[in-house]
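Undergrad: Residues per chain are reported as follows:
2 protein chains.
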Amino acid sequence: MEKSLVEIEHAANMLKLLGDKTRLTIVAMLKQRQCCVCEFQEVFDMSQPSISQHLRKLKDAGMVKEERRGQWIYYSLNENSELYGLMEDILEHVPEQTEKIKQIEKSNPTLRCGC
Amino acid sequence: MEKSLVEIEHAANMLKLLGDKTRLTIVAMLKQRQCCVCEFQEVFDMSQPSISQHLRKLKDAGMVKEERRGQWIYYSLNENSELYGLMEDILEHVPEQTEKIKQIEKSNPTLRCGC
DNA sequence: TAAATAAATAATTATTTACTTATATAATAG
DNA sequence: CTATTATATAAGTAAATAATTATTTATTTA
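Line order of the protein sequences matches chains A and B.
Quick note on the numbering used here: the first sequence kicks off at 1 and runs consecutively.
Quick note on the numbering used here: the second sequence kicks off at 1 and runs consecutively.
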């Protein structure tokens with residue numbers, strides 16, 4: 001399979017977004033499974049608006065998509081993005097975020113809805 | 001061949017550096033061949049110190065190395081960096097910078113030394 | 001050794017970024 | 001309908017970034 005080519009300016013914009021530890025971790029977590037905002041709140045030591053703003057940037061760049069389910073909004077990687085191939089290749093070099101996934105499954109913030 | 005794993009913080013730092021169009025272009029050019037500072041000056045519309053500072057950041061991160069040859073300093077990719085594998089994989093998604101390489105070969109700023 | 005060239009460093013500045021708190025919007029439950 | 005919960009948006013701010021100009025350092029050449 002050929003590598004997808006991305007215009008250098010688009011690539012730089014994407015790399016800049018992934019060049020933030022929080023966002024890179026978010027994306028690495030989403031590679032393992034979709035997450036809702038309240039789940040990210042469990043693992044990042046920052047305010048809810050801060051997390052929302054990171055997700056917004058990733059969404060504006062087309063890297064993630066959101067899906068509302070009741071009062072929760074779930075985020076996942078956008079596999080249709082022209083940036084997806086590059087994102088995948090980057091994530092292969094980044095450790096799995098299994099600890100963080102375990103952490104949210106333990107505290108299970110969306111317990112009440114049975115997601 | 002297994003993908004090299006990079007700690008998420010290191011990966012984020014590297015991606016932040018590549019998340020700048022000038023630096024990403026520099027690195028893409030260096031994938032094709034080593035270049036000296038005056039050659040970068042031919043293709044980027046910015047001051048010499050600005051280019052030097054970009055190169056310094058890439059060097060501090062271990063992504064490029066420099067080699068003085070007379071009054072010129074040549075930069076090349078540091079293949080021994082723990083980040084090299086990731087960098088290579090990213091560059092596979094970025095267009096070749098052949099136009100820029102041609103441009104510097106045309107004006108040939110280091111003509112006088114016969115490099 | 002003096003002048004010229006190549007590159008790095010220092011100091012400054014405008015812009016961008018990543019956070020904060022406060023507030024608004026949207027959905028659900030009582 | 002009201003209260004609660006989940007998330008987004010707005011406004012403000014401190015820190016980081018990418019550029020600039022001025023200066024310094026290093027090398028070559030006359």
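One or more of the hints may lead you astray.
Because identical chains cannot be distinguished in the list, a pair is counted as satisfied if it fits within a single copy or across any two copies.
Stated by the list, open to error - Result set (DMTMM-like, lysine to aspartate or glutamate): computed pairs, CA atoms no more than 25 Å apart in a straight line:
#  : residue 1 : residue 2
1  : 102       : 60
2  : 100       : 9
3  : 102       : 9
4  : 3         : 67
5  : 16        : 105
6  : 106       : 88
7  : 57        : 2
8  : 3         : 89
9  : 3         : 105
10 : 16        : 79
11 : 102       : 82
12 : 3         : 92
13 : 106       : 89
Source of the hints: derived by calculation from the structure; they are not laboratory data.
Undergrad: Hint by hint, say whether it matches the structure.
TA: Here is how each hint holds up against the structure:
1. Taking CA atoms no more than 25 Å apart as the test, residue 102 paired with residue 60 passes in neither setting, with 28 Å inside one copy and 35 Å between copies.
2. Within a single copy, residue 100 and residue 9 get their C-alpha atoms only as close as 32 Å, which misses the 25 Å cut-off; across copies the closest is 15 Å, which meets it.
3. Taking the shortest Cα distances, residue 102 and residue 9 sit within 25 Å of each other only across copies (20 Å), while inside one copy they are farther apart (36 Å).
4. Taking identical chains as interchangeable, the C-alpha atoms of residue 3 and residue 67 are never at most 25 Å apart, the minima being 29 Å within one chain and 32 Å between chains.
5. When the C-alpha separation of residue 16 and residue 105 is checked against a cutoff of 25 Å, the pair qualifies neither within a copy, at 30 Å, nor between copies, at 30 Å.
6. Neither within a single protomer nor between protomers do residue 106 and residue 88 lie at most 25 Å apart by alpha-carbon distance, with minima of 27 Å and 37 Å respectively.
7. Proximity of residue 57 and residue 2 under a CA criterion of 25 Å is satisfied in neither setting, with 28 Å inside one chain copy and 31 Å between copies.
8. For a Cα distance limit of 25 Å, the shortest separation of residue 3 from residue 89 qualifies both inside one copy, at 10 Å, and across copies, at 9 Å.
9. In the homo-oligomer, the alpha carbons of residue 3 and residue 105 never lie at most 25 Å apart, since the shortest distance is 35 Å inside one protomer and 28 Å across protomers.
10. Taking the closest pair of Cα atoms, residue 16 and residue 79 come within 25 Å of each other both inside a single copy (19 Å) and across two copies (23 Å).
11. In this homomeric assembly, residue 102 and residue 82 never come within 25 Å of each other (Cα to Cα): the closest approach is 30 Å inside a single copy and 28 Å across copies.
12. For a Cα distance limit of 25 Å, the shortest separation of residue 3 from residue 92 qualifies both inside one copy, at 14 Å, and across copies, at 7 Å.
13. In this homomeric assembly, residue 106 and residue 89 never come within 25 Å of each other (Cα to Cα): the closest approach is 29 Å inside a single copy and 35 Å across copies.
Hint compliance for this structure: hints 1, 4, 5, 6, 7, 9, 11 and 13 are broken, all remaining hints hold.
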